[in-house]
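Undergrad: Residue numbers (our numbering), protein chains in the order written: chain A, 1 to 62; chain B, 1001 to 1257.
Keep in mind that the hints were calculated from the coordinates and are not lab data. Remember, it's a predicted structure, so these values are computed and weren't measured experimentally. Quick reminder that beta carbons are idealized off the backbone N, C-alpha and C, glycines included. Careful, some of the hints might be misleading.
To be verified - Computed list of chain B residues with no C-beta within reach of chain A, every gap over 10 Å: (1) GLU1024; (2) PHE1029; (3) LEU1093.
Said to hold, decoys possible - Only pairs whose alpha carbons sit at most 30 Å apart, straight line, appear in this in silico DSS-like list of lysine-lysine: (4) B:LYS1211 with B:LYS1176; (5) A:LYS37 with A:LYS9; (6) B:LYS1054 with B:LYS1241; (7) B:LYS1241 with A:LYS20; (8) B:LYS1100 with A:LYS9; (9) A:LYS37 with B:LYS1100; (10) B:LYS1056 with A:LYS3; (11) A:LYS10 with B:LYS1109; (12) A:LYS20 with B:LYS1239; (13) B:LYS1239 with A:LYS37; (14) A:LYS37 with B:LYS1241; (15) A:LYS9 with B:LYS1109; (16) A:LYS37 with B:LYS1109; (17) A:LYS10 with B:LYS1100.
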Amino acid sequence: MIKVTRLNKKEFVLNAELIKFVEETPDTIITLTTQEKVVVRESVDEVVTRAIEYKRMTHNTL
Amino acid sequence: MDFATLVGLISGAGLLLWAALSKESIGTFFDVPSIAIVLGGAFAATLVSLPIQKVKIAISVVKKAFTTKADSPVDLINTLVGFAEVARRDGILALEEAAKDLDDPFLVKGLQLAVDGADPELIAEIMNTELENQLDRHLVGKTIFATLGKYAPAFGMIGTLVGLVILLKNLDDPDKIGPSMAIALITTLYGAIASNLVFLPIADKLGLRSKEERFVKNIIIQGVMAIQSGDNPRIVEQKLKIFLAPDSRELVGKEAE
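Pulled out of the complex, with its shape left as it was, chain A reads as follows:
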């Protein structure tokens, strides 16, 4: 679950497990495993960072 922002500045939460590609076009377009594409304002690196953060948080409950 990562927080990202649409182009219209609305924030929403995206299920990071569904991410297939994150591409810079130059807008960041995230392609999901459902073939849906979502355009977000965050950069590719930012999206990757947040996804890793999320993973770290969920795995640290050990």
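Mind docking chain B on chain A? Use the hints.
TA: Chain B in isolation, oriented as in the chain A frame:
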């Protein structure tokens, strides 16, 4: 200006007049009350058959039969590919600026939806609904002309019957039988001409215009969806060229150079 409509109407009327007048003078074929029965009756029947709001729409749509569509599909595709390039270079938000200069409200709406971050399926859904509604409005014009074309010959027949009633009433005067019969048939003539030279062909033309519009708007929808998905401009070009006939496809891109 769509010359085909004008040329067709003038040449058709001209040929008919020439053929008719080669044997008789214009007076034989001209009868004002007959015009009144045919046109007045056809319009009256059409008014009865349509709700009043539709009639207002019709008047504005009728002009379409005489004007040509400004957008050629090739220009449209070049424009869309240009936008794809802008989006790839400066991001989708840059399209908001570019969209402001456009004439076509449908295209502007599509780009606005993309800039607002709607996903492609939603854009397609909204644009398709808009497309259907626009076409429904345009179809009203065609319906009106088709209705006029349907009723004109019928009122021609009514005029003929009126003439025959008058004729039979005056059978005691044999000299009048011929001319009265002629006048009676003139209304059928007017009805047939009005229907087949004017009303029905215009209805057909409006129908074709609707088809053209649907085609062009589909190109726009596909283009906007492709841009929104971040497709490479060459891919957008390929996707849109499919809409064109093979010989037109080569024209895309050449004009942009």
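Undergrad: Would you mind marking each hint as holding or not holding in the structure?
TA: Okay, the hints, checked on the actual structure:
Taking the minimum C-beta to C-beta distance to chain A, about 73 Å, the non-interface status of GLU1024 of chain B holds against the 10 Å cut. PHE1029 of chain B, annotated as away from the interface, keeps every beta carbon of chain A farther than 10 Å; the closest lies near 67 Å. With 10 Å as the threshold on Cβ separation, the claim that LEU1093 of chain B sits away from chain A is violated: the shortest Cβ distance comes to roughly 6 Å. Between the alpha carbons of LYS1211 of chain B and LYS1176 of chain B the distance comes to roughly 52 Å, so the proposed pair goes past 30 Å and is violated.
Distance hint between LYS37 of chain A and LYS9 of chain A is fulfilled; the C-alpha atoms sit about 17 Å from each other, no more than 30 Å. Using a Cα cut-off of 30 Å, the hinted pair LYS1054 of chain B and LYS1241 of chain B is violated, with the two alpha carbons roughly 37 Å apart. With a C-alpha separation of about 29 Å, the suggested pairing of LYS1241 of chain B with LYS20 of chain A holds against the 30 Å cut-off. As the CA atoms of LYS1100 of chain B and LYS9 of chain A are separated by approximately 20 Å, the hinted pair is consistent with the 30 Å bound.
Simply put, LYS37 of chain A and LYS1100 of chain B have alpha-carbon atoms about 26 Å apart, close enough for the 30 Å limit, and the pair holds. Of the pairs offered as hints, the one joining LYS1056 of chain B and LYS3 of chain A is violated, with about 51 Å between alpha carbons and a cut-off of 30 Å exceeded. About 20 Å separates the Cα atoms of LYS10 of chain A and LYS1109 of chain B, which keeps this hinted pair within 30 Å; it holds. The straight-line distance between the Cα atoms of LYS20 of chain A and LYS1239 of chain B is roughly 23 Å, inside the 30 Å bound, and the hint therefore holds.
Of the supplied pair hints, the one linking LYS1239 of chain B and LYS37 of chain A holds, its CA atoms being roughly 18 Å apart against a limit of 30 Å. This hinted pair checks out: LYS37 of chain A and LYS1241 of chain B have alpha carbons roughly 23 Å apart, not beyond 30 Å. About 19 Å separates the Cα atoms of LYS9 of chain A and LYS1109 of chain B, which keeps this hinted pair within 30 Å; it holds. A distance of roughly 20 Å separates the Cα atoms of LYS37 of chain A and LYS1109 of chain B; the hinted pair therefore holds under the 30 Å criterion.
In summary, the hint linking LYS10 of chain A to LYS1100 of chain B is supported, as the alpha carbons are separated by about 23 Å, within the 30 Å threshold.
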